[in-house]
Every structure is written in C-alpha cells, then in structure tokens.
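What follows is the residue order along each chain.
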Amino acid sequence: MDFVRLVPGFPLLGVVLVALTGRFLGRRGTALVACGAVGLAFAVALGVTGALLQTPPESREVEVSLFTWAAVSDFQVDVSLLLDPLSAVMILVVSGVGFLIHVYSVGYMAQDPGFRRYFAYLNLFVFSMVILVLAGNFLLLYVGWELVGLCSYLLISFWYERKEAAKAGMKAFVTTRIGDFGFALGIFLIFATFHTLDYAEVFGSASQVLTTGLATAITLLLFLGAVGKSAQIPLYVWLPDAMEGPTPVSALIHAATMVTAGVYMVTRTHVLFELAPISMLVVAVIGAATAFYAATIATAQDDIKRVLAYSTISQLGYMFLAVGVGAYAAGIFHLTTHAFFKALMFLGAGSVMHALAGEQDIQKMGGLRWTMPLTSITFLAGWLAISGIPPFSGFFSKDEILASAFASGQILLWLVGVITAGITAFYMSRQVFLVFFGEPRYSQHTAIHAEHRSVPHESPWIMTIPLAILAVLAALGGFLGPVLEDFLGPVFAASEARQSLPPLNEAALIILSVAAAGLGIFIAWLGYIRRGVDPKLVAARLGLVYRLVRNKYYVDEVYHALLIRPVWQAASVLATAVDQAGIDGVVNALGSIMQSAGRGLRRVQTGFVRSYALIFLVGVLLVLAISTLR
Amino acid sequence: MEAFFWVVAIPATVSAVGVVMMRDTVYSALLLVVHLLAVAVLFVLLNAQLIAAVQVVVYAGAIMVLFLFVIMMLGLGRGEGVKEKLPLQRPVALLFGGAMAILLGVVMSQTTIQPVAGALTPGDVLAMGGNTQVVGRLLFSDYLLAFEVTSILLLVAIIGAVVLAKRRL
Amino acid sequence: MVPVANYLILSAVLFTIGVLGVLIRRNAIVIFMSIEIMLNAANLAFIALADAKGSLAGQVFVFFVLAVAAAEVAVGLAIIVAISRQQGTIDVDEINLLKW
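Taken in order, these protein sequences are the chains called A, B and C.
So for the first sequence, my numbering puts the first residue at 1; every next one is plus one.
So for the second sequence, my numbering puts the first residue at 1; every next one is plus one.
So for the third sequence, my numbering puts the first residue at 1; every next one is plus one.
Hints are computed from structural coordinates only; laboratory data are not their basis.
The C-beta atom is built at its ideal place from N, Cα and C for all residues, glycine as well.
One or more of the hints may lead you astray.
Stated by the list, open to error - Residues of chain C clear of chain A, computed beta-carbon distances all greater than 12 angstroms:
(1) Ala28
(2) Leu39
(3) Ala69
(4) Val75
(5) Leu97
To be verified - Taking lysine-lysine pairs in the BS3-like style, the calculated list, with each CA pair at most 30 angstroms apart, reads:
(6) A:Lys536 <-> A:Lys364
(7) A:Lys167 <-> A:Lys364
(8) C:Lys53 <-> B:Lys83
(9) C:Lys53 <-> B:Lys85
(10) C:Lys99 <-> B:Lys166
(11) A:Lys163 <-> A:Lys364
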C-alpha cells in the first residue's frame, strides 16, 4: 500500500505542471492536466481503499514514512502518511468530489482570464487537503491545515480586483488564524506532555499520561482550531463572506472538504476527547447551537449562495453534535453525505448564476424548472437530501446523528437538532420554490445580457454531468451508511460504546424528525407556492425578530465595534506614535549623524599623495616606537 | 677593511642625498647610478658576489636606462614648479624623518645577532663551489616555487607596462 | 672586520633619506627613485644580516626583491608615462583628482 503516496503526489505534480508549463499547455491542456491529476488521485485512493479492504479489519492501519523531516536529539518528525479507514474515507471524498468539481470548473471558468491560476490553486488545495487527512503526526496535520487555509484565502480572493473579494479573503484568513492559534497551542501542549507528535505514540499513551485537566486543556485548544476552520460559533463569520470566491470553490472548499477538516480533526483525536468529558460536552453544545443559529439566519437571506453558506455552517454544527456525543462514525457519515448534497447544490447554484449572468438574488429568479431541467432535477435531489426526506442520503445521516444524541442522554441537544431539521427543510424549500418554481421574476434585461439569448439556458454538458453524478450520490448515498460504519468501526472500536435504542424508540425518532422536515416544507409551500400566507406580512408581523435574523443578528457589526475597531485604533496609534515617531526617528537620527560625520570627515581626503604618505610615516613610527619601547 | 667600508659608505650616503636634493631629474638619475654601484661594492664586502653582480647588471644597467629613457622621452629634465601647495610638508617630514632615523639607528645598534644553526662561513661557501653556485642551488631547490612565481610576475609586469603605456591598443 | 651594526645603521640612514625623498619631492620620477633607494637600504640590511648569521637565505631574498623591483619599475614608469600624457604633468600635487 506504499502507493498511497501517489494520492498527494498527483495533485502536486498537477500544481507544478499547471503553474510552470500551463503557458504552453493552453486552456484545454491545463484543464486536462488539472482534472487528470485529481482523477488519478481518486483512482489511486480507490485502489488503496480496495487494498485496505483485503486486510483483516483489525490491522487496517498502514503508516508510510516518506522521509525524516526534522530530527533534533530525541525529537523526530517524519513526513509520514497514515492510511486507515478514516483517512481512506476522507481521501475518497476529497479526491472524488474534488474531481467532479474540477470537471465542472472547466465549464464554469471557461471564459475567465485567470483560468490557469485557478486550476493551479485548485490542485494545490486538493494536495493540501490530502496531506491534512493523511498526515501521520500532528505537525504534518498542521502543515496541511495551514496549506488549505492558504488555498482558501487565495481562492476566496481569486477575483482580487474586486474589493469585496479581497476583503473576504482577508477576513477568512484572519478569522481562521484565531482558531489556528489555539490549534498550534494545543499541539505545543501535546508535545510538552508527550514529547512526541506521532499519532500512534500520543494516542497509545494518552490514557496513562493525561490527567483530565490536561486532556481538557489540550482538546479545548484543538477544538478552537476546529471552530475557526469549520466555521462554528463564534468564528463562523468568515464563511458567508467566503462566497465571494468562484462558486465551484465554494462547493469544494467551503462546503465539501476544507470546512469539514475540523470535524475530521476532532474525530482523528477522539482518543484525547474521550478523556475530557467537558470538552466533549463543549463540542456537542457548540455544534447544536451553531446548527440552530445558522439555520435561523438562513431563513431570511436572499443571496442564493449565502443561504447555502449558512446551511453549511448549520450542517457542520450537526457533525460536531455527532462527534460531541461520541458518534464519530455518524459524524463522518454525515460529512460524506453532506459533501455530496452540498457540493451538488453549490454547483447547481453556480449553474443558475451562470444562466442568469451572475444574478444571485433569489427574489429575482423563479420558474427555472422549465428552462434548466437538468439543473432543477439535480438540485431537487440535493434539496430532498438536506431536508432529510427518506430515502435520500441526508435522511440517514441526520437521523443517525439525532438518534445518537438521544441515546447519549442529551435530550435537549436532540430537541435542538430536530427543530433545526425543520428549519433546514423550511429554508431549503424556500430557496428551491423561489428559484425553480413560480413565475420568472428575472428581468428580461439580465436574461438578454446572458450571452445574447432571450431565455436562461441550460449549462453545457461538462457542468451538468458532474451535477448528475453528485445527484445520484446525494440521492442514494444514504445506503452507504451501514457499509461506512462497518468500515470505520475498527478506528473507533475502543471508544464507540453507543447505547442502541429499542427499535420502537428508534422508529418514533425517525417519524418525529421526518415530521419536522415535512412541516418545514409544508410551511414553505404555503408561503411561496400556494401564497396562502404572504411571507412579507409574516416578516412585518415578526418585526424585530425578523430584522434580527435578516441582519444575521448583527454579529458582524458587534465584532466590528468590539474587536476590529479597537485593534485598528491601537494599530494606528502604534503606527504614528511608536513606529513613525519613535522607531523611525531613532533610525533617521542615526542616519543623519552618520551623514554629518561623513561630511566632516571627507575633508581629510585631500587628494595630496604626499600628505597621505606623511600620515603613513607617522603611523609606522608609532608602531615602531611601541614595539621598541615596550 | 674598516677604512674601505667608510670609503664606500660615505659616497653611497652622499649620492643618495644628492638624488633627493638635485633639481634636475637627470642629475638625480645619474647620482642614483653612483649610489647603486656603491651599494653593490658593499654587497661584495659582505660576501654576496652574485647579488652584487646582479645589482650592477639589472639595477645600474637595465633599470636606470629605463629611468633615463622615460625622463628623456617625457622631457622632464626641469625641476619642479615654485609654488608649494603644502608649505608645512617639508619641515614636518624632516622632523619625523629624523625621528625615524634615530629610532631605527637605536634599534639597529642595540640588536644582537646570533648565527643560525649550521651557519656557513665564507670558507664553507667557497668549499661548496662558491657564492654563485650555492645561491643558485638554493634558488632551484628550496625556493623553486617562489622563483617560478617571480617569472610569472615579470611576465605580468611586461604585459601591464605595455597596456599602460601604449596610446591605443 | 667591520661590525654588522655599521651596515645596519647605514641601511637605516639610507632608508630615511629615501623616505624624505618621497615626502619632500613633488616630481613623480624622483619619488620613484627615492623608493628605489629605500629598497636598496632594505637589501643592504638583508645582505648584512645574511653575512652575520651565516645564512644564504638573505641573499636569495634580495634576489627576489631585485626581481620585484624590476617589475615595479616597469609598471610604475608605464603609469608615469600614462599620467604624463593624460595630465600633462607628473607633479603629484597637481594630480589630486581623487578627493572629496
């Protein structure tokens, strides 16, 4: 299974080829190289997973050490790849969904002048993400962690000439940096405690070495990193703004893969989390709170991508709820299905925007069911999946999470989850109804603008084929559940002690959550199709609450007033008083002293050789006198 | 012998002073020849017959011809301009020059000199074939590398002189 | 037998004369000749010490000094010729372009 190194190897090769020789490849060649690299990576990932399945379940763990990165006395860090069921699932998701999105991007970005740069970044991202999930120690994990952050920044502000895009990239970078700081501290603490960063050694000795307090400190710091990267309360603010990037980027990085890195990391380090019950509770509570909170915001947004962004935050909350109650397999299961249906919906949204010349306001869409049949059908599959309608994939994974929460005794968290499921169904239905049903509300002007066609048109096949594949996965992915849990079983064997519920209770839970979803859809249908209730009237009735939700609880404004402005002011004081007056003053003073000294001393340089010779003689005499008289 | 030393040393000193003092450059050059010949005689007194011969041939012969040639070519026979730009230069130079002479003289006269291990008397040198043979053997054995490097130095000097002095290459 | 100190003191005196020549004279050629006097003074000290110490290494050194002096004279005179062509003078006080 040594060839697992090819999984990061191909995308890296792709980056090098596209970045260095893309000029000679042309658009077609660039697309071929970039997609081919990720496609080959996916093929290799399939191969290694198959090889992993050939081995008995207990020994499905292979560590491939590529080279020793740093060795200082007894401290040694290898660049080593760890292949076990967990990382196998992750590389499959990353390279598989990544490949589909690469193909889609070929169509979506076809007219963009930054075509080559885009694919270089995208390949770099796939490489980084694979390194992140395959890392065999915390340091390499951190490297991947920072690399995906970099790629995220580069791709959010891909259209850097747009001020909002540049600002959004910066916001994402700075916000996740707060989390990364905690993550780095957590790794330092692990090293200080274990004197090693290797997964196997840390996890092997964790239960003997760690006290509960220490475990809580380490895991909370690690979780801070996850909160930043996976956009949870209170560091979620960057993700909605990240929608400034190209839509396929939102699908790949800000829905399917990078933002789930936090979930993966918590799952990977679950041995440590198990030792800290408080941290587990924190993870579960923050997850549930974020799920609910982001879902409420999503109900009142009009930007097609922002609704999906808040939805992503909400779904990530579900995943954290799952890992927080110890249902790791369920969390990874939901991660996988979410990657399918959310990537699908983002790509669908991209297709819609493509057709409407970049229009993002769902109030100005409608009736696209007929003009864009393929996009509509695939989007509907995603909608049913995220709403949790059986037998679509989201139903299975979400139900698994809710059942686990219920079984672990966190009834309150379970209740929040069920309510959130209802809200989720509502806002997704609202979006679907506004975009694909009803009367067209897009102005004729926009439509004509779209490449001089009078009606919005279906996207080219290179964009619809990935949509179709993802739609199939989103629809049927749920049946992978038992296989996945069986496969992942050995990784969590030591800790997974899920209390199984009596079948009757299980059935009741399923009916409850499906009922919540149905209720959500029904309300949306009432408001946006039947028009039995006017949404505007409801909004007016709700007044303050609506305004609060509509404006995202004013969190951005609060952060701006409480954090950003003080930092800015402090920085401007430092810049003028300390830097310009103080430090620059000292440097400039030194410089002018030197200048005036030089101006005075250069008079000595008379140009008379004989004077120099005389001074030379005096020097020789001095040396002679000193050496003689001594 | 003692008297002969003074007979040679006094002309050497006087001619050296003359080289520095003469207004006319040609006189300076001719006095320099006298000085070099006197020093060559001193070399003979000190049992350095080969070096004395080389001094006469290379210095008094070749180099001085070069000097005179340049003086004649540039037409620089006349003395220096009257205007002295550095009026203090002469007294200060004489002051420090005198100090150096005294200092060097004191150092020289106080130094005690011990013969080296395996010191050669003039008789020994004669027995080994004479001064020229012994120095020549040294040059081509112990000092061979320095000798060869010197040849390169001379080659470079030739090229350098041509490059510098030629109007147009 | 003449004491070696006599030769050494003579060498010191000749060297001083050379130094004074360099410092006092303004004619580049005379300065050059003064340098030759200094070299000769050093040679004299070498030979005197070689004789006193009974080592022929001193004579070999003088041989090399002569060779270097020859090279130096050749290059130096070439420089003087070049300067004379450029500046029309070889008065070192007139040639003081390299200054502040």
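Results of checking the hints against the structure:
no., hint, result
1, Ala28, "violated (9 angstroms)"
2, Leu39, "holds (16 angstroms)"
3, Ala69, "holds (19 angstroms)"
4, Val75, "holds (17 angstroms)"
5, Leu97, "violated (7 angstroms)"
6, A:Lys536 <-> A:Lys364, "holds (15 angstroms)"
7, A:Lys167 <-> A:Lys364, "holds (26 angstroms)"
8, C:Lys53 <-> B:Lys83, "violated (49 angstroms)"
9, C:Lys53 <-> B:Lys85, "violated (47 angstroms)"
10, C:Lys99 <-> B:Lys166, "holds (27 angstroms)"
11, A:Lys163 <-> A:Lys364, "holds (24 angstroms)"
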